[in-house]
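Colleague: Sequence:
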Amino acid sequence: MKKFAGIRRIVDQLQTNTQTDGPTEPEPDINDRLTGDKFTLSKVARYGFPYHPTCLAIDSVQKLLAIGTATGAIRICGRPGVECHVYHETNVSVTHLQFLINEGGLVSVCNDASLHIWSLRQKQPALIQSLNFKKEKITAIHNPFLSKWLYVGTERGNTYMVHVESFKVSGYVISWNHVIDVSCKTHPGPVTQIQSNPQDSNKLLLNFESGVCVVWDLRSKKIFQSYSLEQSSQYVTCATWHMEGRQFMTGHWDGSLSTWNYKNGKKPEEKQMPHATNKTGGNHNTTICCPILKLEWLASKQGELPITIFSGGMPYGNKNKGLTVMKGRSKSLLLSEQVIDFQCLLGSPWPTEHPDPQALVVLLRNEIVIFDLVGPVSPAPSWFSLPYTFDIHESPVTCISFLPECPNDLVMALHLMVTQKENPNQSKRPWPLTGGQDGEIGQDPTIIITGHSDGTIKFWDATSNMLIPCHKVSIARLFDRTMSRQSSTTSNLSKTSSVEHYDDPFAVQHLCFCPYSRLLSVVTTSFLVITFQFSNKENIIETPRLEINFSIEAGVECNDSPTELLSNSFNDQSNLTKSSSDNRLAVSSAPVSYHPPFRSVGVKWPIGFQPSLICKQVANEPMPNIISLAQSSSYGLIAFGSSIGVAVVDYVRHCTVMVCMTDELGVQGEWTELSIPAAVKTPLHQTKSNPLSPNLSESRDLFNGDISDRKKFHTDRRKGDHRNSKIDRKDEHSKLGKRTSLHSTSSWNGKDTEDGQTLSPIVAPAAGSIQALMFGSTYTRKNGGVQCPSLWVGTSLGTVALVALSVPTQEQRLSQPVLSNCTGTVLNHNHCVLDITLMDRCGNIVMPPFNFWRDKDSANPDANRTNISNLNVETNAKQHVAVTTEKQIKVRTLPTFKTLHAVEPVVGDHFIVKADTMIVEGGNCISCLNTDGHIKIYSLPSLRPLLDVECGISLADYRMIRTFTVGKGGEATFLTTPTEIQRIAFTKEKEESFVDGYGCLFKLCGLPEQRPKGFIESFFTSAPSSLDREELFGDKSGNSGSRVAEYIPGRGMSHLQQQVENSNDVISRAKMALIERGEKLSVLEDKTAAMNENARSYASAAQALADKFQKKKWYQW
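If you read the sequence shown in full-length UniProt numbering, its first letter stands for residue 1, the second for the next number, and so on.
Treat the hints with care, as some may be off.
What the hints assert, rightly or not - Here are the simulated lysine-lysine pairs, PhoX-like style, with alpha carbons at most 25 Å apart:
| id | residue 1 | residue 2 |
| --- | --- | --- |
| 1 | K301 | K222 |
| 2 | K887 | K63 |
| 3 | K968 | K38 |
| 4 | K221 | K271 |
| 5 | K137 | K222 |
| 6 | K294 | K331 |
| 7 | K537 | K472 |
| 8 | K221 | K148 |
| 9 | K428 | K331 |
| 10 | K321 | K271 |
| 11 | K123 | K898 |
| 12 | K185 | K123 |
| 13 | K137 | K123 |
| 14 | K968 | K988 |
| 15 | K988 | K123 |
| 16 | K63 | K428 |
| 17 | K263 | K294 |
| 18 | K148 | K898 |
| 19 | K134 | K148 |
Source of the hints: derived by calculation from the structure; they are not laboratory data.
Construct the complete structure from the given sequences, taking the supplied hints into account.
Modeller: This is the structure:
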């Protein structure tokens, strides 16, 4: 009969299920309607200053600015909110940029001898055509105003002519051997500068790297004049024309400036050395100066002195540094930093008129500065405040939090806190770069939070195409500033505390922010966890501080309650590793200071986020790094995990709820011994994990009972753990030898071990760190019937442990503590846990419990009540939980904890580095960033594949992985460079909404009219000489063909061709419609003429009939 025992049990179970009280609830519909055709990967926005800038260009008519970078990217900016980021596929450095003035075109030159032209006439600029020069790199370009030809200088000293529309190279070439004298036996070097004469376009000024400077006559195809000085140290480095075309100025290698008449190349008319020492004692002792790198000679309004601007020329030792503005004999050193490039925004684009400079744009290595040239230049011109978000990297970004679809009231509250500080040197004029057209803002309110290495936390409004700074919180305000600088340079941070080592101990490692409750938790490199809460009033706060002690010896009863861990003073750094209990012993006679001392008095905090609690981690050296962070405003708790354990803190009552080592969660790790000084000795102990929790019904009754009973339960349980930890201790020692757990060695009393050996190790875990934390109301035991507050803890060993929480009601919240219970429920996986997400029975993602923010000073007494209702709910409703590890995603059903779906996104040696869930168009999915460079998205809870695409993220740069953050709606952000934040979209709907909000860089605007010359001015000045470049460089000159450069159509050409074809179709259809309309009009005209003729015939017949009857007598009727 034994073979029927199994069948009998199944029948009994079925009978039990059919006898359950009440009707059985129908299975709910699972929300799993997402399909793969809705997903794509696109880069939609980039914020911040362009990384490693190399050059810039300005369109003075369209009022646009372009910045090229060493990574092949180009940033184009117009009016505030009109920005665009494009990049070359080759990712090589951009060396030159040139706008086609008022044509909607941009020419770029890359370091791989390639020449490109971009079209700016659509919302997203497109690469139209390219030329790859085969044997020569491009070193200089020049496009005369309103010319269709581009002059291209190369490293071999040749100058080519390229048609900007067809992108064909002309047969007209200025060869290097034609620009030097016969007596010269050396190569002139690369072409460094090309400029046309403003009054005579036939004259072309060419400058070479060797110092050769010549004026070339285009019609005669020969040198008009060459210019040089006698001394070899005075050869020409740069040159610029005067607007009258009779003179030009040259900069020299020795830092001098020379003014030449272009018809006389023997001797300059004037020579000066701006930064040289004046003659002293009758001797001409001059300072050795650096070369002048770039030079501009601009005429101001009529009657004013011209302005000379140059970079370089500083005294020796300041190479490539300095920017100087000269007006007449007055001189102003504007900048002493290294200048990458500069250019002026001109009031008139016509080269024959006074350029009337409006602003000076200076590109530095890490910033851009724009000076106002309309006002007085001496002693220093005023500067414009940048409306672009180019100051993200003011302090290095260490972490990012991305929060799309935020509440509107939060965004409005953050904008109200923006304060504008006026600077007396700031220009009062409006922003001069006003190009482009604004787009429509169709995005949901979005906030980006950045943590920085100096301890600042910045809030940015990312709703539009640009970031708007809203609010800034500084952690350094909590510390004594008189010692902050000294402590920041002498702080002894652990080598394992962070990936990057910062000089400032306030660097932010992790951020956790709830936009609904406005609760902010921050982890710093000095092992602090700080909680901030939002307030509408200024307050003077003396922030409470709390020690979280990980140095308690496990298995021994603790006499201190969690509330006694509150430290009244953290300023005494010698007490950081000491406690009042015998079980908390000092781990070092000379404790290490990881941060400056806290302020001993209250600090005035402005409106915004204000600190409510500081948690200080205390543990054995080396200090374990805080890895994970979670919070719940509904429970009033924050939790953080480190490499040795997890701690739960009650920020409402400012006390510790739980400090639990990894083995107390049922996690067994491998431990590694580290050497310590021989004077410090310790006994060797190995404790077993805590037994499983008692019956769920018993714990439920306990959680609902009196506080004294709950305390008694925890005390008895700890004593039981202590008794159980002593069982088979000798056997454990004989098996493990020198293996031990970190927390059991916190008592260094110098006793010998039971096997007679004396050891002096300090141990640290090699695995078992807390990697993921999640608060939620879930089942805590298999086949349980109660949902209660719980904390899910995922470790690097692949285990997920459940901790049950008992949260008092609102009336007892401040009088009774929150209790915790390690249930012993453990879900085993084989790899490190990355993410834990809770879902309801319909498969919808459930956020951690939160309360909506309410003003504490509100007149409504119930405005700030904590909503903790139905914490322990008896139900049989299913739940789902998705656990993502480095190799696998599993969806389990609660309370059975059985695997519902599972998928392995990676194969072989690859693994997942980042995983997060998101809500997209009402559906639920999970995204994974893998080491093979792919982003994969799966639906929840069925784990159907939705997207598998290569993301282009360099996994060799840990900065990108660490800051990769996924938000609602199918978006993500990451720090793509140290100065830029990249925003990407996973859905086509998001991509289209961003394209609609881009605006347009190009707008139709006419050229300013040329100023008419007066009689005297026209009499004394010659008319500009015209040059027919089409005849000179066109088909008659021949075609260089493919021997010089290879033509490559751009990726935007097909799009333009499609647009042209569509336009042709539209035009042809309109033409046909016009023809048909004309035919119909002609037919109508014929019909109208016939009707007129018939009407006239009818009128004449009627008139004749009337006349006939009018003459008839009465008797004739």
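Colleague: Sort out whether K63 lies within 25 Å of K887, counting only the CA atoms.
Modeller: violated, 52 Å
Colleague: Decide if the proposed pair is consistent with the structure: K185 and K123, CA atoms, cutoff 25 Å inclusive.
Modeller: The hint is violated at about 52 Å.
Colleague: For a C-alpha distance cap of 25 Å, please report whether K123 and K898 respect it.
Modeller: Given pair K123, K898 is violated - Cα atoms ~51 Å apart, limit 25 Å.
Colleague: Does the structure keep K294 and K331 at a Cα separation of 25 Å or less?
Modeller: holds, 17 Å
Colleague: Within 25 Å, alpha carbon to alpha carbon, are K301 and K222?
Modeller: Since the Cα atoms of K301 and K222 sit roughly 36 Å apart, the hinted pair is violated (cutoff 25 Å).
Colleague: Are the Cα atoms of K988 and K123 separated by 25 Å or less?
Modeller: holds, 17 Å
Colleague: Given the hinted pair K137 and K222, is their alpha-carbon gap at most 25 Å?
Modeller: holds, 24 Å
Colleague: Are the Cα positions of K63 and K428 separated by 25 Å at most?
Modeller: holds, 19 Å
Colleague: Does K898 sit within 25 Å of K148, going by the straight-line distance between their CA atoms?
Modeller: violated, 71 Å
Colleague: Is K968 within 25 Å of K38, Cα to Cα?
Modeller: holds, 15 Å
Colleague: Given the hinted pair K221 and K271, is their alpha-carbon gap at most 25 Å?
Modeller: violated, 30 Å
Colleague: Between K537 and K472, does the CA-CA distance stay at or below 25 Å?
Modeller: Judged against 25 Å, a Cα distance of about 16 Å means the pair holds.
Consistency with the previously given hints fails for numbers 1, 2, 4, 11, 12, 13 and 18, ordered from lowest to highest.
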